[in-house]
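Engineer: Sequence:
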Amino acid sequence: MSVDAKFLKRKIKPSLLDVHPVENALVISYEVEAQIFGELGDPMVGEKKESQKLVRIKGLTEDTDIDTLTEEIISRCTLIHPSRFGEVKQLLFYLQTRKKPDGQPKGAENFHLISRSCHLNAYSLIVDGKKKEAWTSSGKDSPDLEAFNACKEVANLNDLEDYIEMLYEEINSKCRGAALILQLTRNPDNLEEFFDNEVLLSALSRVLREDWKRNLDLATNLVYCFYCFSVFTQFHSIIQNYKIGSLCMEIVRHELTRRQKFLADVEKPDGDASNNDRVLSMKKLKILIRKLNQLLRVCFYLLLNLSEDPKVEQKMRSKGVIKLLVEALTPESGNDLVILVLTFLQRLSVYIENKNDMALLGVIGKLSFLLSEDGVQGHLFQCDDPSVVNLSLRLLFNLSFDPDLRIAMVKEGLMPKIVTAMGDERHRHQAVCVLYHLSMDDKCKSMFTYTQAIPLVSLSWKTN
Numbered sequence: 022m023s024v025d026a027k028f029l030k031r032k033i034k035p036s037l038l039d040v041h042p043v044e045n046a047l048v049i050s051y052e053v054e055a056q057i058f059g060e061l062g063d064p065m066v067g068e069k070k071e072s073q074k075l076v077r078i079k080g081l082t083e084d085t086d087i088d089t090l091t092e093e094i095i096s097r098c099t100l101i102h103p104s105r106f107g108e109v110k111q112l113l114f115y116l117q118t119r120k121k122p123d124g125q126p127k128g129a130e131n132f133h134l135i136s137r138s139c140h141l142n143a144y145s146l147i148v149d150g151k152k153k154e155a156w157t158s159s160g161k162d163s164p165d166l167e168a169f170n171a172c173k174e175v176a177n178l179n180d181l182e183d184y185i186e187m188l189y190e191e192i193n194s195k196c197r198g199a200a201l202i203l204q205l206t207r208n209p210d211n212l213e214e215f216f217d218n219e220v221l222l223s224a225l226s227r228v229l230r231e232d233w234k235r236n237l238d239l240a241t242n243l244v245y246c247f248y249c250f251s252v253f254t255q256f257h258s259i260i261q262n263y264k265i266g267s268l269c270m271e272i273v274r275h276e277l278t279r280r281q282k283f284l285a286d287v288e289k290p291d292g293d294a295s296n297n298d299r300v301l302s303m304k305k306l307k308i309l310i311r312k313l314n315q316l317l318r319v320c321f322y323l324l325l326n327l328s329e330d331p332k333v334e335q336k337m338r339s340k341g342v343i344k345l346l347v348e349a350l351t352p353e354s355g356n357d358l359v360i361l362v363l364t365f366l367q368r369l370s371v372y373i374e375n376k377n378d379m380a381l382l383g384v385i386g387k388l389s390f391l392l393s394e395d396g397v398q399g400h401l402f403q404c405d406d407p408s409v410v411n412l413s414l415r416l417l418f419n420l421s422f423d424p425d426l427r428i429a430m431v432k433e434g435l436m437p438k439i440v441t442a443m444g445d446e447r448h449r450h451q452a453v454c455v456l457y458h459l460s461m462d463d464k465c466k467s468m469f470t471y472t473q474a475i476p477l478v479s480l481s482w483k484t485n
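In the working numbering, the protein residues as written are 22 to 485.
Calculated from the structure, these hints are not laboratory results. Fair warning: there could be bad hints in the mix.
Just the calculated beta-carbon pair ranges, DEER-fashion [what the hints assert, rightly or not]: (1) Tyr189 with Ile308: 24 to 34 Å; (2) Phe422 with Thr278: 30 to 40 Å; (3) Arg311 with Glu190: 26 to 36 Å; (4) Glu446 with Glu92: 27 to 37 Å; (5) Ser96 with Lys264: 42 to 52 Å; (6) Leu37 with Glu214: 50 to 60 Å; (7) Pro103 with Ile428: 49 to 59 Å; (8) Lys70 with Thr278: 15 to 25 Å; (9) Ser36 with Leu284: 35 to 45 Å.
Beta carbons: idealized from backbone N, C-alpha and C, even for Gly.
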C-alpha cells in the first residue's frame with residue numbers, strides 16, 4: 022500500500038463549542054477526517070476521529086474586555102471561525118460571571134497535564150498545561166471531603182505499606198488509611214506506580230466493595246482514589262478490571278434511596294418533639310445530606326470520566342444511569358451536584374435513545390422545578406447558582422429538537438421561565454435558542470403573546 026499511496030488529505034471539521042464545566046476554558050469539539058488517495062486520485066483508506074481541544078482562558082476577571090478577548094481567541098485558534106464571534110463572546114461572558122463551585126472533587130484544581138501521551142477526558146477536572154503539579158489546595162480546602170480534611174497527618178509515600186495494612190483493620194483504621202492513601206493518589210506523580218501496585222488496588226477495591234455501606238467518609242475517600250485514576254484514559258483499565266463503575270452505580274442507587282427516606286422521615290409530623298429537637302434533627306439531616314451528596318458527586322464524576330468511551334457509556338445506559346441522574350436532579354442535591362448532573366445529562370442528550378429515556382423519566386418537569394423560584398426558594402436546600410440556570414437551558418435546547426418535548430415544555434410552564442432567563446445577559450443566548458425552537462410549533466406560538474419574549478428580543482436587537 023505504501024507504493025500505491027501517493028496523497029494524504031486531511032479535513033478538520035469543527036462542530037460544538039462549549040464551556041468547561043469547572044475550569045475557565047472553552048471546549049472545542051471537532052472531527053478529523055483523513056484519506057489516502059492513490060495515483061489515480063481514488064480514495065484507498067479513510068478514517069474519521071472525533072477529538073476535543075481545551076482552550077484555557079487565563080487571567081479572566083470581571084474587568085476583562087470580552088470583545089477584545091474574543092477577537093484574540095479567534096485570531097489564535099484556527100478551529101474557531103470568525104463567524105462564531107457572537108457565540109464565543111456569549112460563552113466568555115458566561116465564564117466571566119459564572120460562580121466558581123465551592124465543591125467539586127476539586128482536588129484537581131491545580132492539576133496539570135503530565136505529557137501529550139496522557140489522553141485526558143474532556144470533562145475531567147484537569148486543565149491544559151506543561152508543568153507537573155500535585156493536586157493541592159489553593160487557598161481553600163482542595164477536595165470538599167470532610168474525611169480527608171479531618172486527617173491532619175501528612176502522607177508519606179515510604180509508608181504506603183503501613184497505610185495498606187490499615188485497610189485490613191477496624192473501621193476507624195480503615196478510614197485513616199484510606200484518607201492517607203487518597204493524599205498520595207491525588208499526586209499525579211504517583212499514579213503510574215500505583216497502577217502497577219496490585220496489592221494496593223486489590224485492597225482499595227475490596228474494602229470499598231465490602232464496607233461502603235458502613236461509613237460514608239470511608240466510601241467517599243475510596244471512590245475518590247479511583248476517581249483520580251479515571252481522569253486519565255490510560256488508567257481506565259484498572260477501574261474496569263475491578264468493576265468500580267458498576268459498584269459506583271450501585272452506591273448511587275442506594276444512597277439516593279436512603280436520602281429520599283431521610284427526607285420523608287423529616288417531613289412526617291412529630292407532635293411530641295420540641296422546637297429545639299426539630300432544629301437539632303434538621304441540622305443533623307443537613308450534615309448527613311451534605312455527606313451523601315459528596316459521595317454521590319464523586320461517583321458521578323468517575324462515571325462521567327468513564328463515559329468518554331462510547332461502549333462504556335452504552336453499558337451505563339443499559340444499567341440505568343439516566344434514571345439515577347434524573348433522580349438526583351433535585352434541590353436537595355445542592356448546587357455542585359446539580360451542576361454535575363446537568364453536565365452529564367447534557368452530554369448524554371445528544372443521542373436519541375438517551376433523549377427518549379429522559380423524556381420518559383420526566384426530566385422536563387424536574388427542570389421546570391429547578392428553574393422555578395417559587396419551587397426552590399424556601400426549600401430546605403437552596404439550589405440557586407446561575408450555572409444551574411445556564412446548564413438547564415443548554416439541556417433544554419438539546420431536548421427541544423423533539424416536537425413532543427417542546428409541547429411538554431409549554432405544558433410544564435417553562436416558557437415564561439425561559440423568557441425571564443432571557444432578561445439576564447448570561448443566559449440570553451441559550452434562552453433565545455430554546456425559544457426559537459419553541460416558535461417552530463403552531464401550538465406553542467400562541468403562548469408567546471402571554472410573555473415578554475417579543476419586547477425583550479426587540480430590545481436586545483436594538484441594543485446590539
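Engineer: So, for every hint listed, does it hold in this structure?
Structural biologist: Here's how the hints hold up against the structure:
Checked against the given bound of 24 to 34 Å, the beta carbons of Tyr189 and Ile308, roughly 29 Å apart, stay inside it. Between Phe422 and Thr278 the Cβ separation comes to about 33 Å, which falls inside the hinted range of 30 to 40 Å. At about 28 Å, the CB distance of Arg311 to Glu190 agrees with the hint of 26 to 36 Å. With their beta carbons about 19 Å apart, Glu446 and Glu92 fall outside the hinted range of 27 to 37 Å.
Remark: the range hint 42 to 52 Å for Ser96 to Lys264 is upheld by a beta-carbon distance near 48 Å. Restraint check, Leu37 to Glu214: a C-beta distance of roughly 37 Å breaks the suggested window 50 to 60 Å. Between Pro103 and Ile428 the CB atoms are about 37 Å apart, so this pair departs from the stated range of 49 to 59 Å. For Lys70 and Thr278, the Cβ-Cβ distance of about 41 Å falls outside the hinted range of 15 to 25 Å, so the restraint is violated.
For the pair Ser36 and Leu284, the supplied restraint of 35 to 45 Å holds, since their beta-carbon distance comes to about 41 Å.
Going down the numbered hints, you'll see the structure goes against 4, 6, 7 and 8, while the others check out.
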